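Colleague: Turn these sequences into a full structure, and let the hints guide you.
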Amino acid sequence: MQNANDLKEYRKELQESLDNEFLRTTLDNFAVAYKAGRANAFKGMDVRGLVHDIACSKDAAGENYEALYAEFKEKAEAAGIHVHFAKTGDEANQIIAQIAKDTDCTKIVKSKSMTAEETLLNHDLEDAGLEVTETDLGEWIIQLRHEGPSHMVMPAIHLSRYQVGDLFTEVTGSKQDSEIEKLVKVARRELRQKYVEADMGITGANFAVAETGGIGLVTNEGNARLVSTLPRVHVALMGIDKLLPTLHDALRILKALPRNATGQQLTSYVTWITGANECASAENGTKEIHYVVLDNGRSELLKDSLFSQVNRCVRCGACANVCPVYRLVGGHKMGHIYIGAIGLILTYFFHGKDKAKNLVQNCINCEACKDVCAGGIDLPRLIKEIHARIQEEDGHPLPSVLLSKVLRNRKLFHTLLRTAKWGQKPVAEKDGFIRHLPMIFSKEHSFRALPTIAETPFRDWWQKNRPAVDKPKLRVALFSGCVQDFVYPEQMQAAVELFAANNVAMDYPMEQSCCGLPVQMMGEMDASRDVAKQNLRAFEPDAYDYIITLCASCAAHLKHNYPKLVMDRPALKYRADAFADKIIDYSSFVNDVLKVQKDDFRATTEKATYHAPCHLCRGLDVHDAPRQLIEKGGLEYVECDEEEVCCGFGGTFSMKFPELSAELLNKKLTNVEKTGATTLLTDCPGCIMQLRGGLKKRGSNITVKHVSEVLAGNRK
Amino acid sequence: MSSKETLYQKFVEKAELVSALVTTIESEEAAIDYVINLCDTKEACQLLVSGCEADLSENAEALCDAKQTKVIAAPGLKQDLYKSLSTKAKKSGFDCIDSGMRNHLAGIDIGFTIAEYGIADTGTLMLDCPSEELRLATMVSEYHVCVLPKSKIRANTYAIEKMMLTRMNKTPDYLAFITGASRTADIERVLALGVHGPLELHILILEDQ
Chain G
1 MQNANDLKEY RKELQESLDN EFLRTTLDNF AVAYKAGRAN AFKGMDVRGL
51 VHDIACSKDA AGENYEALYA EFKEKAEAAG IHVHFAKTGD EANQIIAQIA
101 KDTDCTKIVK SKSMTAEETL LNHDLEDAGL EVTETDLGEW IIQLRHEGPS
151 HMVMPAIHLS RYQVGDLFTE VTGSKQDSEI EKLVKVARRE LRQKYVEADM
201 GITGANFAVA ETGGIGLVTN EGNARLVSTL PRVHVALMGI DKLLPTLHDA
251 LRILKALPRN ATGQQLTSYV TWITGANECA SAENGTKEIH YVVLDNGRSE
301 LLKDSLFSQV NRCVRCGACA NVCPVYRLVG GHKMGHIYIG AIGLILTYFF
351 HGKDKAKNLV QNCINCEACK DVCAGGIDLP RLIKEIHARI QEEDGHPLPS
401 VLLSKVLRNR KLFHTLLRTA KWGQKPVAEK DGFIRHLPMI FSKEHSFRAL
451 PTIAETPFRD WWQKNRPAVD KPKLRVALFS GCVQDFVYPE QMQAAVELFA
501 ANNVAMDYPM EQSCCGLPVQ MMGEMDASRD VAKQNLRAFE PDAYDYIITL
551 CASCAAHLKH NYPKLVMDRP ALKYRADAFA DKIIDYSSFV NDVLKVQKDD
601 FRATTEKATY HAPCHLCRGL DVHDAPRQLI EKGGLEYVEC DEEEVCCGFG
651 GTFSMKFPEL SAELLNKKLT NVEKTGATTL LTDCPGCIMQ LRGGLKKRGS
701 NITVKHVSEV LAGNRK
Chain U
1001 MSSKETLYQK FVEKAELVSA LVTTIESEEA AIDYVINLCD TKEACQLLVS
1051 GCEADLSENA EALCDAKQTK VIAAPGLKQD LYKSLSTKAK KSGFDCIDSG
1101 MRNHLAGIDI GFTIAEYGIA DTGTLMLDCP SEELRLATMV SEYHVCVLPK
1151 SKIRANTYAI EKMMLTRMNK TPDYLAFITG ASRTADIERV LALGVHGPLE
1201 LHILILEDQ
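Protein sequence lines, in the order shown, are assigned to chains G and U.
In terms of this note's numbering, the first sequence has 585 at position 585, counting the first letter as 1, and numbering is strictly consecutive.
In terms of this note's numbering, the second sequence has 1069 at position 69, counting the first letter as 1, and numbering is strictly consecutive.
There are no misleading hints in this set.
Chain G stretches covered by chain U per the calculated footprint, using a threshold of three residues with CB under 8 Å from any CB of chain U:
1) 16 to 30
2) 167 to 173
3) 190 to 198
4) 214 to 221
5) 267 to 281
Result set (DSSO-like, lysine-lysine): computed pairs, CA atoms no more than 27 Å apart in a straight line:
6) G/K101 with G/K87
7) U/K1010 with G/K35
8) U/K1170 with U/K1078
9) G/K656 with G/K425
10) G/K405 with G/K421
11) U/K1004 with G/K43
12) U/K1152 with G/K43
13) G/K607 with G/K716
14) U/K1152 with U/K1162
15) G/K353 with G/K656
16) U/K1042 with U/K1070
17) G/K73 with U/K1170
18) G/K35 with G/K370
19) G/K43 with U/K1010
20) U/K1150 with G/K43
21) G/K73 with U/K1162
22) G/K353 with G/K564
23) U/K1042 with G/K182
24) U/K1090 with U/K1078
25) U/K1070 with G/K182
Away from chain U, derived, C-beta distances all over 10 Å, residues of chain G:
26) I95
27) E117
28) D127
29) K370
30) E392
31) E393
32) P397
33) L398
34) L402
35) H414
36) V427
37) R459
38) E606
39) G676
40) T678
I should point out that these hints are in silico values taken from the structure, not numbers from a laboratory.
Quantities reported herein were computed from a predicted structural model and do not represent experimental measurements.
We treat Cβ as the ideally placed atom computed from N, Cα and C, and that holds for glycine.
Modeller: Here is the structure:
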């Protein structure tokens, strides 16, 4: 659970997780195995199509939830089931405690339910004098330890077999060893006794099917079947997000849920319960069944045009499985009760601002969660939006106010950068790095060297060196982004050289400024919008065939976020759409549009590996172009492990969470060094800053370059 | 290859991937022989795999002590088939029951059932079990042996959707997809079979047409 009062306390908690060797190893192994398992489970399937269909079906169900609830209730009641509606978590807990009282139940067995975790049901039932036993192995373990789940699907993934062995020794009063197979069997026999004694069983529901009035339960252990069969009373607690019109909708989700959750084709058991079933231990031979349908803020969410997509979540936990930050710190730190990307969002809506305010800042915006989501939820965007909302309510922290002010005024911003060039003189080394970090950086930032500001920014160079292109075959505009403009102008210059040689006429609109992503990352939506407007005015999209940027983050932001940022201004939206349509990244332009050939470049014996920037591979769905260019450019491409995993830069994220950034970088560089390549290429100046700075600190000889530099350098 | 044959092969491949033990049989009588043989060769109460060697708390031990002889449960079989099974079981010294499952919650050796459908793309059995006895037989058994008529294998869940709806509309209903044995990976993500449900799932595919 997330209980830190401020970011400083939260960072301290994160450090504790970082220091936990066992957790780190487990989550690392899991992250790697998950990716392979998932790919295998979905092999040959149209995953994007399936996700799209699930999103449409869940969206429709969300819009229609009131009617679906009415139909579900009517059908269920006709089949002898009692249906309750709870507005809040407390209300749901009270209803369930009352059912226990009315039916003289004292012992309860539970099958895993995230909704019950959300309402903290066990606490309330225990306060009402009831004995509650979790029967899912992972849930039982964390219940015995008085903890919350650290993963949606594997609640006890943070614990070792030795910790479980010690725990079971305590519970049974007999010494248990740490062999997993044996521990599982101890749980099997201990819990069998609990099923036999229980008079009430509580489950969640993965599906609430309106056309049948029945529920569907997805489990591997089989405990949900016992919990819903043996005791004489069965209560199922479910959010309104579980309502679906038809069995077909449920079967469709079932195609994705286990595959996305654990890489299984299907879980061992899927149980469909319709109507009040036979039960030998009940007085009249029929089980008493209650459905408790919970709102707890969900209907408010559904009314929100942006956040209604949260209803698509099927609780597969995949967003945590691929999150590089979760992989470092685990679920207790990357969530409150719900964990991972969806957890950051749900925490705000279900558990409030105070629980969410630190968590939402811990998203590195790598989009891995969005890419894997079974419902196609734009998780990073929603997280940033919540960050912005919290700042609207709580006031903006000084650094983000300052950055917003500066970025909103291009001239001021650029003057500051030019001034910084003089300010850094005493600490600048000849090799392009700053010798000592300035005072504003604490020592946590020393994991990477920082570059100096360039002698001449790209915009100044451009004015003097703009190439004349006769008979152009294409007309393009260049968007440099701040880093390439003021820190790495040579990357832009390399691109200009290649473009000119290929008869591409270029413009560099001087009024362009920062793309605005840094302020958006800090939750400053208004500033982000103002900067976007400024750039939209600077470019006349109709005048160009393409607008090219060599920065993957700028490209993805310009393409996907600009139209959203000016959505409420029709004229500007029209312009933003046209602008976004013209945006293309360097590698796609050179490989797919200019179609350069291997013959255009000198061949070398240099081995190069690649780092795929998050905003290129996921943000723009570009995968092949840069790798093909490396080969065409005369280098030998060597694949790197986890090539499409974040390098830990994340713009302002690396300033806010240097410890996490350092760890992500560390993993990345270890993988890079393993390839034996002497050159590391990528398509984003932010990544270059991170990777180069990290390698410098390691004393490595690997050189880091933008793909554009290699192509310009090897051009015949 | 006929489409029926393709579905059958796909079913076997997928079921074996989730550690189900698949055997093809020619007749229902062969299924009974399979169950008797299996019961004969298996340890009573699966001493080692089900954890009987581990010391437990007193209550849990007491529940386990209740089980003495080997038990085969086969609720919901056709009368003549059950009779045949029961006779052979007795001859081999096993108890055979078709009701009273609640007296055997410590566990039975084998639950013997017949599936309604098989789903090829995941190697899944579909069992409709509104009867509590049948449900429990598939849950508290150490081995679940299930006969699947070859003619009842369908491509995917969509292909049995209509049949499921027909059953669900005749309430009350309790329907299950069963894919492999009960499993968990909750401790260190290490796969372990037989948590709350059967330790092994045996599928006997019956050449019925």
